[in-house]
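Protein chains: 2
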Amino acid sequence: MEKSFKNLVKSDYPYLCGSKLLLAVSGGVDSVVLAHLCHTAKLDFAIAHCNFNLRGDESDGDEKFVVDLADFLEVEVYTESFDTLQYAENNGLSVQMAARELRYEWFSELSNSAQFDYTLTAHHANDNLETFLINLIRGTGPEGLTGIKKDSNKVIRPLLEFKRSEIEDFARKKNYKWREDSSNSSDKYMRNKIRHNIVPVLEEINPHFLDSFAKTQQHLQESLDLVEDYISLLYPKLVQKVTYGYAIDIGFLKKVPNQKQVLYQLLKSFGFTEWNDVYNLLDAQTGKMVLSDSHRLIKDRNKLLLTEHQENSVGKEYSLEREEDLVMIPELGTFHFNETDKLGAASKSCIYVPEHKLKFPLVIRKWKKGDYFYPFGMNGRKKLSDFFKDEKFSLPEKEHVWILCSDNEIVWIINHRADNRFAVEENDGRILKICIS
Amino acid sequence: MEKSFKNLVKSDYPYLCGSKLLLAVSGGVDSVVLAHLCHTAKLDFAIAHCNFNLRGDESDGDEKFVVDLADFLEVEVYTESFDTLQYAENNGLSVQMAARELRYEWFSELSNSAQFDYTLTAHHANDNLETFLINLIRGTGPEGLTGIKKDSNKVIRPLLEFKRSEIEDFARKKNYKWREDSSNSSDKYMRNKIRHNIVPVLEEINPHFLDSFAKTQQHLQESLDLVEDYISLLYPKLVQKVTYGYAIDIGFLKKVPNQKQVLYQLLKSFGFTEWNDVYNLLDAQTGKMVLSDSHRLIKDRNKLLLTEHQENSVGKEYSLEREEDLVMIPELGTFHFNETDKLGAASKSCIYVPEHKLKFPLVIRKWKKGDYFYPFGMNGRKKLSDFFKDEKFSLPEKEHVWILCSDNEIVWIINHRADNRFAVEENDGRILKICIS
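Protein chains in written order, with full-length UniProt numbering: chain A, 1 to 437; chain B, 1 to 437.
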């Protein structure tokens, strides 16, 4: 196994040589073997061990074991102690998920602060098979059937093609010491059922099962790669970057076969769960929307708009004193107030207002239902909602509208339209130029 | 179950009503239940039963049982007796594969001759799961993971969403009689292992496993549908119909991501097994090829040519007597010999030859190594192999070349070039126009 590990590093992971590696070591046989293999292969690595404090003295024993191993191998060791149960409770997670999150978060911090190039974990072929079967049993998308990645986000799993039995045989042959995990979590319970009751039957029927399974997964991954290629090909025709997110062209989507599945592929990483509602949006009225934890998908005429959830700033107000030349509004940008004598060309981001018509303090706030104004260049008054409708504002665009008010009268729909009441007339005297950037 | 079957027919298979159906009935509980359900739903069906003669008296008992069932349901019954073992031996098949081939072949014949619209089989959710697991255990492409199709090639499987236990419970509740299959074939052995040792553990871990499995398979199928869409999109740019098959444009293929996988998708139904050899063809020398049982893939400059295996007609000869006006050559077409006085324009499919220069009988044969001729319009002689090289013939094109000879001299490379020695000169007298169509 030493030899095949060295060959593997040479052929598949040549970049590990000369890199600074962080090895995740629990103390179990897999990670202990990986540590020894890295040592023999003369890789430059340190060891990281998480103490999840889930098994009292045993957890502390694991930690001590790993520290001693690092000492023996003469490599640096990092340990961290977590209150996993508390974290799980606080975040509504299972203990397994909590441990997973804590582990990867800490590894990531450690990698950054101590400048490791890669993190190595000791996942092997049986872990991969068990994960496949767990996903299969629970129900999964195609991604859940393709297994643990050999290499993703700077986490490398160089033992992924070795079987548990090979690793254990090797450890015994070498007289390595390791720690047995006595935990009996529900995830572990499922893994044990799979490990002891299912996998042996699969291997009894086909003694080369793990090898053929690797090929099966590879074929599946290759097919899914083509799905990615297809979506990449459609993407520029289907999706357009717009001010507050992305717009999906429904007209184009409807010309593509299997439109629902294409939509699923486009949106799968945005946390939506109610897929039938998503599909129904295609034929829904403008304004209908479907929410995920992080995003909204909004029907807007012949588009689906994908935007992040907007922090609700309705009711928020900023007050502007005359004295200030420059005011920062976090949601909007910077206001500049300049006195001027000559009237320049107005634009979406600049207006000219006679100073004497403004009553300070001015107020900057989100628009609200019932607001109306007198559009610049027109005599009549108009509801803001009607203005938005005429201008074909999408919902996210409407939500991002702020207004500048003077004594409860709208001076400016910021970035969109000035109010006629505040237009500069003859003999208006000093003029204020208000710009946003 | 009667009600849900009726609803299912209404919603998913409305075309079954009013169609003429052929029901495959083995005598086992699944097909017996399907027969009763079709009867209750007043569908228009006949029963077909294959006697594979694999279990002696038991097989005959099954046949009698099915005939009696048809009698009881007052529907027509077709039975056929097969020497399955002999067929398996003759065709180098496993007994299961032999039975499968014989069954589908006979159903197909029966459907055609007795004009059935659809064939119905009683495959259910557990069959589907078992097939998935068998494929998984043996190793499979992604298609092998998506399961038995509800509807393919006019074969419908309306019980596919019902579980074995539901079907058996229903049969017992209704007091139906059926036959138990005592066979113990290797396929059955594997199925039994899966049925009794694996599936119960899966269902113990997740009591709703079969439902979530159906969704998992559906998601996978949807992804594979996108792969098909992608390949369809690339197809017109990648593949061109040529005279003896199809040409794949290597230049275009190399611009596409995951080119090997795209090539696999294009070629997967042509029986190739040595995929690395196929992929290596992309950078191989012109003339290299990879064979499947039915096809050849040949590197030809910047193309891969896919052709069916050519029946080898090297050595085959046809002899032409002068007297015949019209000669059929199966591999080539029809020869027409016409005496003429005036010289017309020669073409690829017609030549003009002075009658006195020909020595009968003429011979039509495949070209062979060492053949040479005097290209029309030139004085020198040329090897046919050089001629083909200059004309950039692909291997299949070369293989399809026949020549017309007179006294061992080449008169015509049929469909390509005449020989200068047989060109019409002044005072040549009677001219023969030889055409092929």
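Treat the hints with care, as some may be off.
Put simply, identical chains are the same to the list, so a pair is met inside one copy or across any two.
In silico PhoX-like links for lysine-lysine, alpha-carbon gap of 20 Å or less [as the list claims (entries may be wrong)]: (1) K254 / K369; (2) K268 / K215; (3) K342 / K433; (4) K215 / K260; (5) K392 / K369; (6) K288 / K392; (7) K154 / K20.
Derived by calculation from the structure, the hints in this document are not laboratory data.
Verification of the hints:
no.: 1; hint: K254 / K369; in the structure: neither (35 Å within a copy, 57 Å between copies)
no.: 2; hint: K268 / K215; in the structure: between (26 Å within a copy, 16 Å between copies)
no.: 3; hint: K342 / K433; in the structure: within (10 Å within a copy, 97 Å between copies)
no.: 4; hint: K215 / K260; in the structure: between (29 Å within a copy, 15 Å between copies)
no.: 5; hint: K392 / K369; in the structure: within (17 Å within a copy, 76 Å between copies)
no.: 6; hint: K288 / K392; in the structure: within (15 Å within a copy, 62 Å between copies)
no.: 7; hint: K154 / K20; in the structure: within (12 Å within a copy, 61 Å between copies)
In this structure, only the earlier hint numbered 1 is contradicted, and the remaining ones agree with it.
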